[in-house]
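> Spelled out from the first residue to the last, the chains are:
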Amino acid sequence: MSPGTTTEPATRLDLPPRPRTWPRRTLVFSALTAFTVATCLPAIGGIEIDLAAIAQNWRHGAANLSALLQPNWSFVPRTIQPMLETLQMAFVGAAIAAALSVPLTLWAARPTNPNTVTRTAVRAVINVVRAVPDLVWATILVAMVGVGALPGLLTLVLFDVGIVVKLVSEAIDSTDHPYLEAARAGGATQGRMNRALALPQSLPLFSNQWLYALELNVRISAILGIVGAGGIGRLLDERFGFFAYGDVSVIILEILVVVLLIEAASNVLRRRLA
Amino acid sequence: MNAALDSRSRTATSRPASERPVLALPPRPSRLGQTVATAVVGLVLLVSAATLDVEWSDLRELPAAVAEYAALMFADPDWSRLPRALFEMWRSISMAWLGAMLCVVVSIPLGMLAAHGVGPAWLRLALRGLFAVIRAVPEVIIALVLLTVTGLTPFTGALALGIAGIGTQGKWTYETVETLRDGAADAVRAAGGGRTALVRWALWPAALPALLSFALYRFEINIRMSAVLGIVGAGGIGSMLANYTNYREWDTVGMLLIVVVVTTMAVDSVSGALRRRIMEGA
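As you go down the protein sequences, you meet chains U and R in turn. Each residue of the first sequence is one higher than the one before, counting from 1 in full-length UniProt numbering. Each residue of the second sequence is one higher than the one before, counting from 1 in full-length UniProt numbering.
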């Protein structure tokens, strides 16, 4: 625009019209409200928000909570053996899952497995495994193989494999792989490419997720015993059944300490591995 | 500089081969630490596997057992109880949704206050400590403690999900707020805005998409957790599943598993699509 053409005085700045967002906004908001209201209707399976029950049981609950706040320290020796079992399950489960996750991950990622059929099959199985919650696996496995540490271990392995394979294969999918392309151009077979290039390259991703799986395992295996799958959860459930809240609070504190310790340790390890 | 380099390379090449100094390779880095660490981890692993109360020989019969139970569950699922299962599933979804709402409504203000540059330092440290403690307690244990107050109801489950999620959700909130660019916040401060104006006009609009996306993600997590809480007795699909597993009515258990898996995957995909749309725009 040359100065000659704009002879008239500066006009008011033309603001663009305000975008009309209110119809969509109202729609989204009312949809969310309708959904929320529907979740609160007991008639169709929703939840009865029963504040009156809380008000009524408040004294009872407060007494229990104050009992929980008085840990019975003499109970500590009895918790050590189950806690060790919990940690063993977490560690062994994470190790087995780590070993299983490597071939499955390479199967589930596109750069390391160009075959659509097997890739989709592995991914579908992993997605189904992941869609079943941990304690549901434990319940069913306990019914299948009996009470003990074995169903707990199997639950942890299934759960870890689901997480590690999903996260690592997605990470492999979303990065470029110039080395793999070079190797392919040089005539390498897929198996050699995976072993010589893809595996060493994705090892840091793997070790990161393995540590994460170990952390999650400690947390989960602490409650697996509730359905009979071994570890400290069994003791927790038993003491709850006896209303021995002093013992329960010792167990909860112990779980808390162990979880925090494992988290701190794995943070240190992660920083060293990175 | 260049001349010096040139002369050095010339003298190096003009020297006879026998006089050329042997290239001093740096010493091989010691792998002792790594070897010892691997050995220790392997040893601990072996000891824990050996002392674990598991008959490893049972594993041989496992594939046959899995095949047998899979046939019992999925060969002919009992669809006659499907209406009841859907009713219970909706109860679990409600639990998950209300838990997510409660969690988000509480954790957004708390998380904002825990972010650098918003709340005072003592409050920040206190809130972060609270989040860390809540994160360390498994959800089921929070539910078990709540049971003593409100009794075994789905409402307990929703409350437990709401409280248990605050730890992680609060952490995500303050991390999101802290990674926002400072431009808008500086502009609000320069225009004389106080803490409220800062949150309302700089942080809230910029963080909203991420926070909404996290809220949906919380709902996805809660869908899984609500089934778990049902097993502990909070009601919903988890309770039904635990009951029929105890009755060993495997055809019903198979049907319930199908309902759980299909619902979870459907919720995941819808919520995932919404999250992508929120984060990337239409």
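Don't take each hint at face value.
[Stated by the list, open to error] These stretches of chain U come out as covered by chain R in the derived footprint (C-beta under 8 angstroms, 3 or more residues):
id, stretch
1, 16 to 29
2, 72 to 82
3, 132 to 145
4, 156 to 170
5, 197 to 208
[To be verified] Listed below are the simulated DMTMM-like cross-link pairs for lysine to aspartate or glutamate, each with C-alpha atoms no more than 25 angstroms apart in a straight line:
id, chain 1, residue 1, chain 2, residue 2
6, R, K171, R, D186
7, U, K166, R, D186
8, R, K171, R, E249
9, U, K166, R, D182
10, U, K166, U, E263
11, R, K171, R, D268
12, U, K166, U, D176
13, U, K166, U, E238
14, R, K171, R, D182
15, U, K166, R, E220
16, R, K171, U, E215
17, R, K171, U, D176
18, U, K166, U, E181
19, R, K171, R, E61
[Said to hold, decoys possible] Chain U residues, not near chain R, derived (Cβ > 10 angstroms throughout):
id, residue
20, L13
21, T36
22, N57
23, W58
24, V117
25, A121
26, G187
27, R219
28, F240
29, G246
30, N267
These are calculated hints, taken from the structure and not from any lab test. In this text, all values refer to a predicted model and were calculated from it rather than measured experimentally. Virtual Cβ for every residue (Gly too), placed ideally from N, Cα, C.
> Each hint needs a verdict: does it hold in this structure or not?
Here is how each hint holds up against the structure:
1. Counting residues of the stretch 16 to 29 of chain U whose beta-carbon sits less than 8 angstroms from any beta-carbon of chain R gives 0, not enough to reach three: the coverage restraint is violated.
2. For the stretch 72 to 82 of chain U, the proposed coverage by chain R is not satisfied: 0 residues have a C-beta within less than 8 angstroms of a C-beta in that chain, short of the threshold of three.
3. Residues of the stretch 132 to 145 of chain U lying with their CB closer than 8 angstroms to a CB of chain R number 10, which satisfies the three-residue condition for coverage.
4. Here's how the stretch 156 to 170 of chain U fares: 0 of its residues keep a CB closer than 8 angstroms to some CB of chain R, so the rule of at least three is not met and the hint is violated.
5. For the stretch 197 to 208 of chain U, the proposed coverage by chain R is not satisfied: 0 residues have a C-beta within less than 8 angstroms of a C-beta in that chain, short of the threshold of three.
6. Of the pairs offered as hints, the one joining K171(R) and D186(R) holds, with about 23 angstroms between alpha carbons and a cut-off of 25 angstroms not exceeded.
7. As the CA atoms of K166(U) and D186(R) are separated by approximately 40 angstroms, the hinted pair breaks the 25 angstroms bound.
8. The hinted pair formed by K171(R) and E249(R) fails the criterion: a straight-line CA distance of about 43 angstroms is larger than 25 angstroms.
9. Restraint check for K166(U) and D182(R): not satisfied, since their Cα atoms lie roughly 35 angstroms apart, outside the 25 angstroms limit.
10. With a C-alpha separation of about 22 angstroms, the suggested pairing of K166(U) with E263(U) holds against the 25 angstroms cut-off.
11. Note on K171(R) and D268(R): the hinted pairing holds, with a Cα-Cα distance of about 22 angstroms set against a maximum of 25 angstroms.
12. For the suggested pair K166(U) and D176(U), the alpha carbons sit about 18 angstroms apart, so the restraint of at most 25 angstroms is met.
13. Between K166(U) and E238(U) the CA atoms are separated by roughly 36 angstroms; this puts the pair beyond 25 angstroms, and the hint is violated.
14. Between K171(R) and D182(R) the CA atoms are separated by roughly 20 angstroms; this keeps the pair inside 25 angstroms, and the hint holds.
15. For the suggested pair K166(U) and E220(R), the alpha carbons sit about 16 angstroms apart, so the restraint of at most 25 angstroms is met.
16. About 17 angstroms separates the Cα atoms of K171(R) and E215(U), which keeps this hinted pair within 25 angstroms; it holds.
17. Our distance criterion of 25 angstroms between C-alpha atoms is broken by K171(R) and D176(U), whose separation comes to about 31 angstroms.
18. At roughly 23 angstroms between alpha-carbon atoms, K166(U) and E181(U) fall within 25 angstroms of each other, so this suggested pair holds.
19. Of the pairs offered as hints, the one joining K171(R) and E61(R) is violated, with about 45 angstroms between alpha carbons and a cut-off of 25 angstroms exceeded.
20. The Cβ of L13(U) sits about 20 angstroms from the closest Cβ of chain R, beyond the 10 angstroms cut-off, so the non-interface label holds.
21. Separation of T36(U) from chain R is inadequate, the least Cβ-Cβ distance of about 7 angstroms not exceeding the 10 angstroms criterion.
22. Not every beta carbon of chain R lies more than 10 angstroms from that of N57(U), the smallest distance being close to 6 angstroms; the non-interface claim is violated.
23. Distance check on W58(U): its Cβ comes as close as 7 angstroms (rounded) to a Cβ of chain R, failing to clear the 10 angstroms threshold; non-interface status is violated.
24. With a minimum CB-CB distance of about 20 angstroms to chain R, V117(U) clears the 10 angstroms threshold, and the non-interface call stands.
25. No Cβ of chain R approaches the Cβ of A121(U) within 10 angstroms, the least distance being about 16 angstroms, so the stated non-interface status holds.
26. Distance to chain R confirms G187(U) as a non-interface residue, since its nearest Cβ pair spans about 32 angstroms, more than 10 angstroms.
27. Separation of R219(U) from chain R is inadequate, the least Cβ-Cβ distance of about 5 angstroms not exceeding the 10 angstroms criterion.
28. The claim that F240(U) lies off the interface is violated: its Cβ sits roughly 6 angstroms from the closest Cβ of chain R, which falls inside the 10 angstroms cut-off.
29. Against the 10 angstroms criterion, G246(U) stays outside the reach of chain R, whose nearest CB is about 13 angstroms from its own CB.
30. Consistency note on N267(U): stated as away from chain R, and its beta-carbon is indeed over 10 angstroms from all of that chain's, at 12 angstroms minimum.
Violation of the numbered hints given earlier is confined to hints 1, 2, 4, 5, 7, 8, 9, 13, 17, 19, 21, 22, 23, 27 and 28; the remaining hints are satisfied by the structure.
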